[in-house]
Amino acid sequence: MSAMARTISYRQALRDALREALRQDPRVFLMGEDVGRYGGTYAVTLGLLDEFGPQRVRDTPLSELAFVGAGIGAALGGMRPIVEVMTVNFSLLALDPIVNSAALMHHMSGGQFSVPLVIRMATGAGRQVAAQHSHSFEGWYAHVPGLRILAPATVEDARGMLAPALADPDPVLLFEHAQLYNTEDEIADDVRVDIRSAKVRREGGDLSLITYGGSLPKALQAAQTLALDGISAEVIDLRVLRPLDDATIMASVRKCRRAVIVDEGWRSGSLSAELMARINEQAFFDLDAPPARVCSEEVPVPYAQHLEEAVLPQPAKIVAAVKTMMGRMP
Amino acid sequence: MIRFELPSLGPDMDEGTLLKWQVQPGDTVKRGQVVAVVDTSKAAVDVEIWQDGVVAELLVKPGEKIPVGTALATLLAPGEVAGAPEAPPAAPGPAAPSRRPVSPAARKRAQELGIVAETLAGTGAQGSVTLADVEAADRQSRGRAGPAAAAAPSAAAGRSQAMRKAIGAAMSRSKREIPHYYLSESIPMANALAWLQRRNDGVAIAERMLPAVLILKAVALALRRTPELNGFYREGQFIPATAVHAGVAISLRGGGLVAPAIHDVDSKALDALTRDLGDLVQRARAGSLRSSEMADPTITVTNLGDQGVDSVFGVIYPPQVALVGLGRIATRPWAYDSGEIRALPVVNASLAADHRASDGHRGALFLAELRELLQEPALLAADASPAASQDNRKKGDGHE
Chain A
1 MSAMARTISY RQALRDALRE ALRQDPRVFL MGEDVGRYGG TYAVTLGLLD EFGPQRVRDT
61 PLSELAFVGA GIGAALGGMR PIVEVMTVNF SLLALDPIVN SAALMHHMSG GQFSVPLVIR
121 MATGAGRQVA AQHSHSFEGW YAHVPGLRIL APATVEDARG MLAPALADPD PVLLFEHAQL
181 YNTEDEIADD VRVDIRSAKV RREGGDLSLI TYGGSLPKAL QAAQTLALDG ISAEVIDLRV
241 LRPLDDATIM ASVRKCRRAV IVDEGWRSGS LSAELMARIN EQAFFDLDAP PARVCSEEVP
301 VPYAQHLEEA VLPQPAKIVA AVKTMMGRMP
Chain B
1 MIRFELPSLG PDMDEGTLLK WQVQPGDTVK RGQVVAVVDT SKAAVDVEIW QDGVVAELLV
61 KPGEKIPVGT ALATLLAPGE VAGAPEAPPA APGPAAPSRR PVSPAARKRA QELGIVAETL
121 AGTGAQGSVT LADVEAADRQ SRGRAGPAAA AAPSAAAGRS QAMRKAIGAA MSRSKREIPH
181 YYLSESIPMA NALAWLQRRN DGVAIAERML PAVLILKAVA LALRRTPELN GFYREGQFIP
241 ATAVHAGVAI SLRGGGLVAP AIHDVDSKAL DALTRDLGDL VQRARAGSLR SSEMADPTIT
301 VTNLGDQGVD SVFGVIYPPQ VALVGLGRIA TRPWAYDSGE IRALPVVNAS LAADHRASDG
361 HRGALFLAEL RELLQEPALL AADASPAASQ DNRKKGDGHE
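Residue numbers (our numbering), protein chains in the order written: chain A, 1 to 330; chain B, 1 to 400.
FYI, nobody ran anything at the bench for these hints, they're computed from the structure.
The model shown is predicted, which means the values in this text are computed figures rather than measured ones.
The beta carbon of each residue, even a glycine, is placed where N, CA and C say it ideally should be.
It is possible that part of the hints are untrue.
Ranges of calculated distance between the beta carbons of each label pair, as one might list FRET restraints [claimed, not checked]:
no., chain 1, residue 1, chain 2, residue 2, range
1, B, A132, A, Q305, 54 to 64 Å
2, A, F284, B, S172, 42 to 52 Å
3, B, V81, A, S232, 28 to 38 Å
4, B, R99, A, K323, 21 to 31 Å
5, B, A132, A, H306, 37 to 47 Å
6, A, K323, B, R176, 32 to 42 Å
7, A, E309, B, S172, 55 to 65 Å
8, A, D185, B, Q126, 20 to 30 Å
9, B, Q126, A, Q305, 50 to 60 Å
10, A, F285, B, G236, 17 to 27 Å
11, A, R27, B, E112, 55 to 65 Å
12, B, D52, A, F285, 58 to 68 Å
13, A, S232, B, Y182, 24 to 34 Å
14, A, Q282, B, Y182, 43 to 53 Å
Sequences are here, hints too, so could you generate the full structure?
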């Protein structure tokens with residue numbers, strides 16, 4: 001493989017990763033709604049059916065319960081299935097196989113069976129598809145022991161996370177924020193990333209902006225605005241939502257002494273709540289202000305564009321939360 | 001808009017009572033001007049302002065007791081127009097009812113530094129005291145630290161108790177934090193006293209020079225050779241001072257003591273020091289010290305000879321790193337190397353020094369230098385500049 005760099009989209013990066021996996025390991029196959037002939041609802045799998053044939057790129061009936069369950073069975077049988085659940089909204093229909101079977105099989109079998117399954121799904125709001133199609137439930141899955149939860153927020157992670165996910169003997173869920181598919185970046189051809197660590201995406205000293213997935217570009221934009229006001233925000237991309245990389249998070253919080261968490265999920269009983277709790281448990285005596293959160297308003301995500309924008313975390317809201325924390329007028 | 005806050009007039013002061021204002025709204029004030037009189041636990045102190053401006057509003061009334069850091073008044077900066085938009089007040093006023101929010105990081109740091117965080121003005125969210133506020137207060141108090149002020153003769157009944165408490169707090173911190181070492185040296189004073197007698201012959205009592213002045217000058221010059229005894233230990237390291245501001249311990253008639261600074265002892269002539277010392281003692285006992293005098297002694301000199309003790313083993317005043325103690329000048333038998341014994345006036349000089357900043361070897365050099373300098377009073381008299389000192393030392397070498 002060459003070490004050439006090229007500019008590609010997040011979508012293309014995912015497709016390149018899938019193609020690489022299909023080429024390298026005959027046990028790998030894709031399965032899901034519209035992944036074959038249609039090329040995927042977000043066009044991630046476009047062209048793969050022609051290249052690899054219907055045995056390895058399989059369209060399924062509209063039953064998440066059935067095809068996720070089939071994926072688990074295939075994984076138990078020695079295959080390396082990559083199951084696409086169109087969006088996190090529909091994954092609720094597959095909660096039982098994911099939580100009760102995939103996550104627990106290793107435990108329930110006394111370590112005899114592993115489930116080397118990768119499930120991809122789109123997540124998030126912001127496209128005017130209304131409340132039932134705008135959920136951010138990755139935090140729910142991050143609640144469950146036995147699952148590894150990934151949230152690629154950059155083109156590099158979109159390209160690099162699949163290989164280590166496939167190598168993991170236990171189930172891994174990849175959450176792709178729907179707003180990210182068209183983002184572009186220059187990456188090396190031979191991207192290698194880990195699926196253990198959080199990453200500092202921007203260095204700063206006044207506060208830590210802790211975020212992931214579709215909120216990362218918003219946090220980076222806010223950090224840029226804050227810099228003009230002389231506030232130096234460090235931006236942490238969680239990347240892995242379970243297990244959380246406490247060391248990287250706390251190192252940043254201890255350095256900056258203030259933390260603002262940006263999460264598109266609702267705040268009650270959420271991943272952002274978990275982060276608040278850990279910061280208080282592990283870095284309390286290093287804090288210079290109560291940790292704060294910028295989350296979605298606790299309402300169903302509206303359809304109307306201006307209302308949807310008002311409900312979701314936005315750079316301006318992040319800037320205001322930070323300034324309030326710094327004792328400045330927002 | 002400038003906030004003029006109640007400064008800490010020593011590491012042991014965390015609140016004060018405003019006695020009176022020396023300015024009114026509309027007055028133009030200059031940096032260094034005395035604008036208010038504040039009663040600390042030790043004294044009524046003239047508080048100077050550190051910025052030029054025009055007094056906009058007096059926020060505290062005479063008689064109010066307020067924590068250090070409280071805004072006393074607002075000032076318009078030069079060129080600033082009244083009523084122009086300004087930043088909102090970051091901290092709740094002195095009347096804030098509930099306990100002041102202090103961030104966990106600030107609380108931890110304040111504990112390490114021995115600062116009462118609740119008394120500081122907060123600049124963080126909801127007026128909270130942040131780590132930066134604590135560190136700023138620490139820098140301020142260390143920068144201006146000094147054995148604070150004098151008890152006025154008209155002191156309130158609780159004054160001596162409060163002063164005891166303040167001295168206790170500072171000395172406890174010293175003994176808790178500073179690894180002291182002690183050295184002492186007997187210094188023959190025959191030359192010095194003879195020189196003083198000639199100098200004071202026929203001079204009015206008020207203008208006579210005391211041995212203390214010669215000793216102060218000699219201490220300041222000796223410090224040039226051992227600068228690690230002159231300065232402050234703060235934030236884990238020693239920071240040498242650029243001049244010698246000697247804190248002179250003065251006992252007060254009503255009990256207790258203060259050690260205000262005589263500035264630039266190393267570069268002042270003896271006559272100027274004589275005037276400064278007399279003036280300082282008088283004002284200390286009258287309770288009219290200025291805040292800058294209590295702010296910045298870089299070393300303390302204490303003289304308990306009047307009380308008749310042979311020697312003093314002092315407690316260093318943090319953040320200073322050394323204290324020079326002098327006993328009584330007494331006539332004693334003195335044995336020369338030749339075996340000859342004579343009766344000479346001798347003073348016992350001691351050094352208490354901070355082992356974090358210096359070692360006993362350097363302390364011994366200092367006392368030896370002090371002894372040598374006091375054998376040549378005429379050269380001390382001639383010295384008013386660093387360059388002169390270098391020459392004098394060479395001439396003084398080998399003198400016994």
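- Check each numbered hint from earlier against the structure, then list the numbers of those it violates in ascending order. 1, 2, 8, 9, 12, 13
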